[in-house]
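Asker: Take a look at the letters that make up each chain.
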Amino acid sequence: MMKNECVNISRREFLIRSTTAGAGFSLGLYLPLSASMTMAAGVAQSTPPEVNAWVVIQPDDTVIIRIARSEMGQGTLTGLAQLVTEELECDWSKVTTEYPTPGQSLARKRVWGSFATGGSQGIRGSHQYVRKGGAVARAMLIEAAAEAWGVSTEECSVAASVITHTPTGRTTTYGKVSAAAAELPPPFEVELKDPKDWKIIGKSVKRLDTVDKLNGKQVFATDLQMPGMLNASIKACPTFGGKLKSFDASKVNKMPGVRKVVRVEDDAVAVVADTWWQAKTALDALPITWDSGPNTKVSSASIDQMLDEGLSAKDAFVGNKNGDVKKALKGAVKTIEATYRYPYQNHATMEPMNATARWTTDRCEVWCPTQNGEAALQATIDAAGLPANKCDVHKIHLGGGFGRRGAFHDFVTQAVSIAKQMPGTPVKLLWTREEDMMHGHYHPITKAKMVGGLDKKGNLVGLHVRISGQSILASVNPAWMKNGVDIFTFQGMLPEGDHEISYSVPNLLVEHAMRNPPVPPGFWRGVNINQNAIYMESFVDELADAAGKDPLEFRRKLMASHPKSLAVLNAVAKKAGWGKPAAKGIYRGLAVCKAFASHVAACAEVSVDDDGNLKIHRIVAATDPGYAVNPQQIEAQVEGSFVFGLSALLYGECTIKNGGVEQRNFHNYPSMLMAQMPKVDVIVMPSGGFWGGIGEPTIAVAAPAVLNAIFAATGKRIRQFPLKNADLRSA
Amino acid sequence: MSKLKINGKLVDIDVDDSTPLLWALREQLGLTGAKYSCGIGICGSCTVHINGKAVRSCIVPISALDASQEITTIEGLSADGNHPLQQAWAELDVPQCGYCQPGMIMTAAALLKDNPDPSDADIDTNVTNICRCGTFNRVRSGIHLAVDINKREKS
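In the order they appear, the protein sequences are chains P and G.
Counting from 1, position 351 in the first sequence corresponds to residue 351 in the numbering used here; the numbering is continuous, with no gaps.
Counting from 1, position 4 in the second sequence corresponds to residue 1004 in the numbering used here; the numbering is continuous, with no gaps.
Calculated directly from the structure, the hints in this document are not laboratory data.
One or more hints might be untrue.
[Said to hold, decoys possible] No more than 25 Å apart at the CA atoms, straight line, and that leaves these computed lysine to any residue pairs for SDA-like:
#: 1; chain 1: P; residue 1: K254; chain 2: G; residue 2: P1061
#: 2; chain 1: P; residue 1: K254; chain 2: G; residue 2: I1062
#: 3; chain 1: P; residue 1: K615; chain 2: G; residue 2: D1124
#: 4; chain 1: G; residue 1: K1009; chain 2: G; residue 2: I1042
#: 5; chain 1: P; residue 1: K657; chain 2: P; residue 2: N295
#: 6; chain 1: P; residue 1: K254; chain 2: G; residue 2: S1002
#: 7; chain 1: P; residue 1: K679; chain 2: P; residue 2: S561
#: 8; chain 1: P; residue 1: K584; chain 2: P; residue 2: A474
#: 9; chain 1: P; residue 1: K206; chain 2: G; residue 2: P1061
#: 10; chain 1: P; residue 1: K716; chain 2: P; residue 2: Y587
#: 11; chain 1: P; residue 1: K206; chain 2: G; residue 2: K1053
#: 12; chain 1: P; residue 1: K679; chain 2: G; residue 2: D1124
#: 13; chain 1: P; residue 1: K679; chain 2: G; residue 2: I1123
#: 14; chain 1: P; residue 1: K321; chain 2: P; residue 2: A474
#: 15; chain 1: P; residue 1: K94; chain 2: G; residue 2: Q1087
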């Protein structure tokens, strides 16, 4: 159990007076959006009094909680507001939220910390300082009331935004004292609550952002309308690394609504028109010549060849090593070897990439869905050619993110580049689905050769994992690599930390032969646990089978030193009835993993008919995220992660031909539908003492649990994905 | 100039008549509840009702429409957001990112009009919208809950 945490607050950190808030408000006034649209889009425009950076309380007791991370469906907006509310002791029914802009944050020395919303970091990366923000505001509000009454703060208590002077029974509300509180110096120290005293953290409160999503009022960036706004449709070179050679604008200049045809950076062309449909229609008619560049011979087959060479190459980076795996395998009574392959996949957010930009010689503003406001601002600054204090980004709720809109702001760069060619005019750039499919930052491709050895009792004596394939960091952020190693490649197989291997293997070697094809990789919900958990959990099942052992018992034996992972595995096994007969024709499979600091497991129940048709009937899932801020939203995330993970398993594949992606839309890049959706039983079992992720971890276990159940049903071990390419008829 | 009947009102739309209904709604009438996602009639994010039937508006050109048809968008589904499906969706916190949800709700509303108490199999057959966040199980529960709300309201 966590003890009371004494937090030292630097006075400077919380020296935020209403003057700076006023500056923030003037930025708000600069928005050309209508007030209602701005509000609906969640863009910051609150009026003072601002008690501190996180908390604004209006005279009617409305509490506005500032949220730096982005809401893209994962519920972080509500969870973060719960954290602040817990310490603030305000009335939850009067809580609303708003996004500060990254420009405001920069002007205030990054008072809101990181805006990055990825790696399941929203809650676990900021719980400490957002709770602190709530606690500091509470202390200032109580002090303001005590000062007004001329009493000691120790005689005052607070609940649901009402401050009571206990000896006299006098009461006041946050709304009445917030203006005075805003003038007080913040306390040097505040104490955060002991988790056992939490009232709203851990409660399944409803999301704060549901109502507008039911009636069409929720404004996504694609819905923005501004006076004088024009619309742009874009095409970038379909070959990776290729450039725009030329285009013949004269062929479309006179088409309805067309205002301008512009070169965008060095690889794209856009048509700007009154409406987007006109822009797209003209772009489809525009003659374009591409300089296809150096990658026209790259294909799925050539990439496979590259990866195959890596599977047996002499040199590789080591991610995890103990004992002497070569010796152990040599001495094994039985060795098992298998090679797996995981394909490129696209994020395919429902809302295609888009951004709206307005550029003048002294200011550039962007409105966009982004998982990282500060990165979007950097992209804006770079493309605008203006100093940082003359740029800003207004975040809008995302129509899905999944990693596509965090590290990459190509769509922002393009929008600014277009707007720069039409000074003073706001331009909304919206990609077609086809553009979105062809210009992703794809889930990287890897293969893995797994070799395991068993002794005569069927115990695992050695395991050698050789991963060959693409590094995300080498392409996206080489600065995060150490000595050339991309540690993310080993997620779920590392010796310790957030992505620790769930097993104790006496002799273990996990390696990565980095092979980077010219297809841009990116962070994709779950990142590398998607394939690594498939490799590990499928192969552990293969080993159990070779040892003639029950897959649960085989795992348990290797998990004595991983009690929390063992606990989630046991929980799903018990709930699913592992060891007891399933209904006729139903077969079960297990998987367990530690990812993004959470312990997760799944037991899938499937059937496969004589024609090889798979039906996933039910998945029992368990997660131990340490602390569970909002259990009903955790359940929603587990179910959602299964849809993402199972869509990938069943259908997800981008193939490469002539240096580009072959898929174009949902007809050849399908996603799972209602009819394929299994029943999901979620066990949320927070054990306390740590903060684990929610949005991503469980994605790891859906696919391997289903694959192991398919093996149980058919005797077939599928090692190449997606399953749409596999014949599942019984072996 | 085309005349259409949208959410009970006659409106004039001045666009090339090859323009899909979706873009006329979004760009001419400011009705942005129906969303663009695939543009080829697969994903269902753009779903509206034409004479009570769920239609993927991204592939219906204005030329195929006239004022005799009743077109309903998410904005016109209920007077104040109180359609049984909207109530059920709020009760169960169905949406995640929410981008596909107007289409999801319009699809479900058309289903309930034809079939006031659909089975799971009926839902599987009729609700073929894509949701990448993965709200399917809550969508299913939401449809069943809306059936209950409907019955309660009628009794």
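Asker: So, for every hint listed, does it hold in this structure?
Answerer: These are the hints, each one checked on the structure:
| no. | hint | verdict |
| --- | --- | --- |
| 1 | K254/P - P1061/G | 22 Å, holds |
| 2 | K254/P - I1062/G | 22 Å, holds |
| 3 | K615/P - D1124/G | 13 Å, holds |
| 4 | K1009/G - I1042/G | 28 Å, violated |
| 5 | K657/P - N295/P | 10 Å, holds |
| 6 | K254/P - S1002/G | 23 Å, holds |
| 7 | K679/P - S561/P | 32 Å, violated |
| 8 | K584/P - A474/P | 49 Å, violated |
| 9 | K206/P - P1061/G | 39 Å, violated |
| 10 | K716/P - Y587/P | 13 Å, holds |
| 11 | K206/P - K1053/G | 32 Å, violated |
| 12 | K679/P - D1124/G | 13 Å, holds |
| 13 | K679/P - I1123/G | 14 Å, holds |
| 14 | K321/P - A474/P | 22 Å, holds |
| 15 | K94/P - Q1087/G | 21 Å, holds |
The structure fails to meet hints 4, 7, 8, 9 and 11 from the earlier list, while all remaining hints are met.
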